[in-house]
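Participant: In the order they appear, the protein sequences are chains A and B. For the first sequence, this note's numbering assigns the number 1 to the initial residue and increments by one for each residue that follows. For the second sequence, this note's numbering assigns the number 1 to the initial residue and increments by one for each residue that follows.
A few of these clues could be false.
Said to hold, decoys possible - Pairs of lysine-lysine residues, derived as DSBU-like cross-links and limited to a Cα-Cα distance of at most 30 Å, are as follows:
{"no.": "1", "chain 1": "A", "residue 1": "LYS34", "chain 2": "B", "residue 2": "LYS209"}
{"no.": "2", "chain 1": "A", "residue 1": "LYS107", "chain 2": "B", "residue 2": "LYS209"}
{"no.": "3", "chain 1": "A", "residue 1": "LYS209", "chain 2": "B", "residue 2": "LYS209"}
{"no.": "4", "chain 1": "A", "residue 1": "LYS209", "chain 2": "B", "residue 2": "LYS34"}
Unchecked claim - Residues from chain B that face chain A, not an exhaustive set, calculated with beta carbons under 7 Å:
{"no.": "5", "residue": "LEU16"}
{"no.": "6", "residue": "HIS26"}
{"no.": "7", "residue": "ALA29"}
{"no.": "8", "residue": "PRO74"}
{"no.": "9", "residue": "ARG117"}
{"no.": "10", "residue": "PRO189"}
{"no.": "11", "residue": "LEU190"}
{"no.": "12", "residue": "ALA198"}
{"no.": "13", "residue": "LEU200"}
{"no.": "14", "residue": "SER204"}
Because the hints were derived from the structure by calculation, they are not lab data. This structure is a prediction, so every number in the text was calculated from the model and none was measured. Where a beta carbon is used, it is the ideal one built from N, C-alpha and C, also for glycine.
There are 2 protein chains.
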Amino acid sequence: MANPTAAMLVIGDEILSGRTRDANMHFLAGELTKQGITLAEVRIVGDERQDIIDAVRALSDRYDTVFTSGGIGPTHDDITADCIAAAFERHIDVRDDARDLLAAHYKNTGSDLNEARLRMARIPDGAALIDNPVSVAPGFTVDNVHVMAGVPSVFQAMVATILPTLTGGAPLLSQSLRIDRGEGDIAGPLADLADTYADLSIGSYPFQKNGAYGSNIVIRGTDGARIDAAISELAEMFA
Amino acid sequence: MANPTAAMLVIGDEILSGRTRDANMHFLAGELTKQGITLAEVRIVGDERQDIIDAVRALSDRYDTVFTSGGIGPTHDDITADCIAAAFERHIDVRDDARDLLAAHYKNTGSDLNEARLRMARIPDGAALIDNPVSVAPGFTVDNVHVMAGVPSVFQAMVATILPTLTGGAPLLSQSLRIDRGEGDIAGPLADLADTYADLSIGSYPFQKNGAYGSNIVIRGTDGARIDAAISELAEMFA
Chain A
1 MANPTAAMLV
11 IGDEILSGRT
21 RDANMHFLAG
31 ELTKQGITLA
41 EVRIVGDERQ
51 DIIDAVRALS
61 DRYDTVFTSG
71 GIGPTHDDIT
81 ADCIAAAFER
91 HIDVRDDARD
101 LLAAHYKNTG
111 SDLNEARLRM
121 ARIPDGAALI
131 DNPVSVAPGF
141 TVDNVHVMAG
151 VPSVFQAMVA
161 TILPTLTGGA
171 PLLSQSLRID
181 RGEGDIAGPL
191 ADLADTYADL
201 SIGSYPFQKN
211 GAYGSNIVIR
221 GTDGARIDAA
231 ISELAEMFA
Chain B
1 MANPTAAMLV
11 IGDEILSGRT
21 RDANMHFLAG
31 ELTKQGITLA
41 EVRIVGDERQ
51 DIIDAVRALS
61 DRYDTVFTSG
71 GIGPTHDDIT
81 ADCIAAAFER
91 HIDVRDDARD
101 LLAAHYKNTG
111 SDLNEARLRM
121 ARIPDGAALI
131 DNPVSVAPGF
141 TVDNVHVMAG
151 VPSVFQAMVA
161 TILPTLTGGA
171 PLLSQSLRID
181 RGEGDIAGPL
191 ADLADTYADL
201 SIGSYPFQKN
211 GAYGSNIVIR
221 GTDGARIDAA
231 ISELAEMFA
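Could you put the whole structure together from the sequences, leaning on the hints where they help?
Facilitator: As structure tokens, then:
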């Protein structure tokens, strides 16, 4: 596919421990697909410095854009900003522009801009801040990596800020057809269809529910007329 | 942590495209945590041969156990078994034991064991089969990698077969305390607590809901008495 590629790095123990179920990845996947950007890989790592650094470097080298979520709050386990700085060999410290944002916010709310909160103003040199309309503490962009919060409401707001700045591809269109037969009966004709329509992506997603079984066939591509043709052909095969 | 480590590799486009939301990862994470095995990393890749091979090798080298899900059905995009064989440089073909399982099953159900279904009997040399009580087509284990189906009911059944064969660590215990203050107010005392209880893992998971905000503090470890002590100390700090 010629569409731009993206990867996501989820940072933190809460998904790996089974404590929470992912929401950000699912949200980002949907938004990128709408914009014609291919989410090609996701990695989830814990709050471990070297793991984060290694993953950021690997994904940044390989894909056009990388999104990270998690680990940019004020607590001792929030080490993402320092890891990103290390990954790109940038200096990091409390930066004036970020501190000013926080200072104004906490002055308004009557809270103290203490040492812990000041950690959220640690921004690598040369990074561009990402606006946080929910709770002010900014994300930031270094090179092709967008560093965002893990709290879903903040993550979603930051994604909404970043997405219009990215060059999308042709929007990915899709149609699906449910076929109430076993995948084993569908697979042969489906492989032939995939050969004929090599420009489209044809996926088979089997289901089993209450004793019924079958498969949802999803045909994806950028040419709506080709998808129409393929779906019609598929429907005829199993009419 | 001295507990055994595990990684998961999710194979397939459906989560990356945003079409489905992950369920298997969340299930596995919970099961491993109960058994005292640390899920240290998750990767999600699409149906791309080299990506799958590279990820399997990287995770198998690094962690004690690897679980994969997806891509072992009968359709043209099910390439996991061949990728696993390539990753471990094993020969792969239709194997008699797997074919016999499928033949008996499809004879019973009156379906044809056609060429597509026979793909599900392709098993790398030396692999041990994993029982599939739901739909018969087996998973398999090569080296430290357990290769399982992506359909959640089948995935869960296969995990139930594998788990008792793994050496677990001391079960991970946890307690949590909800504190209705901003993370910035909690972070300083929390860092001190983390220093005092360096044998425990202390995580802070902020929330914002209907205008209220605060943080759930989760303290994890293998020594229940230590966790009790840390939670009591935490509760006193913010009483």
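Participant: With reference to the structure, classify each hint as holding or not holding.
Facilitator: Do the hints match the structure? See the list:
About 28 Å separates the Cα atoms of LYS34 (chain A) and LYS209 (chain B), which keeps this hinted pair within 30 Å; it holds. Taken as a hint, the LYS107 (chain A) and LYS209 (chain B) pair is honoured in the structure, with Cα atoms around 22 Å apart against an allowance of 30 Å. Restraint check for LYS209 (chain A) and LYS209 (chain B): the C-alpha separation of about 34 Å exceeds 30 Å, so the hint is violated. Taking the CA atoms of LYS209 (chain A) and LYS34 (chain B), the gap is about 28 Å. The hint holds against a cut of 30 Å.
Hint status for LEU16 (chain B) relative to chain A: holds, with the closest Cβ pair at about 5 Å, below 7 Å. Restraint check, HIS26 (chain B) versus chain A: the minimum CB separation of about 5 Å is within 7 Å; hint holds. Checking ALA29 (chain B) against chain A by beta carbon gives a least distance of about 3 Å; that is within 7 Å, so the hint holds. A hinted interface residue such as PRO74 (chain B) counts as satisfied when its beta carbon comes closer than 7 Å to some beta carbon of chain A; here the least separation is about 4 Å, so the hint holds.
Interface hint status for ARG117 (chain B): upheld, as the beta-carbon distance to the closest one in chain A is roughly 4 Å, under 7 Å. Hint on PRO189 (chain B) is violated. Least Cβ distance to chain A is approximately 9 Å, over the 7 Å limit. Proximity of LEU190 (chain B) to chain A holds as hinted, the smallest CB-CB distance being about 6 Å (cut-off 7 Å). For the restraint placing ALA198 (chain B) at the interface with chain A, the shortest Cβ-Cβ distance is roughly 11 Å, beyond the 7 Å limit, so the hint is violated.
For LEU200 (chain B), the shortest C-beta to C-beta distance to chain A is roughly 12 Å, which exceeds 7 Å, and the interface hint is violated. The restraint placing SER204 (chain B) at the interface with chain A holds, with a minimum CB-CB distance near 4 Å, inside the 7 Å limit.
This entry does not satisfy hints 3, 10, 12, 13, going by the numbered hints stated previously.
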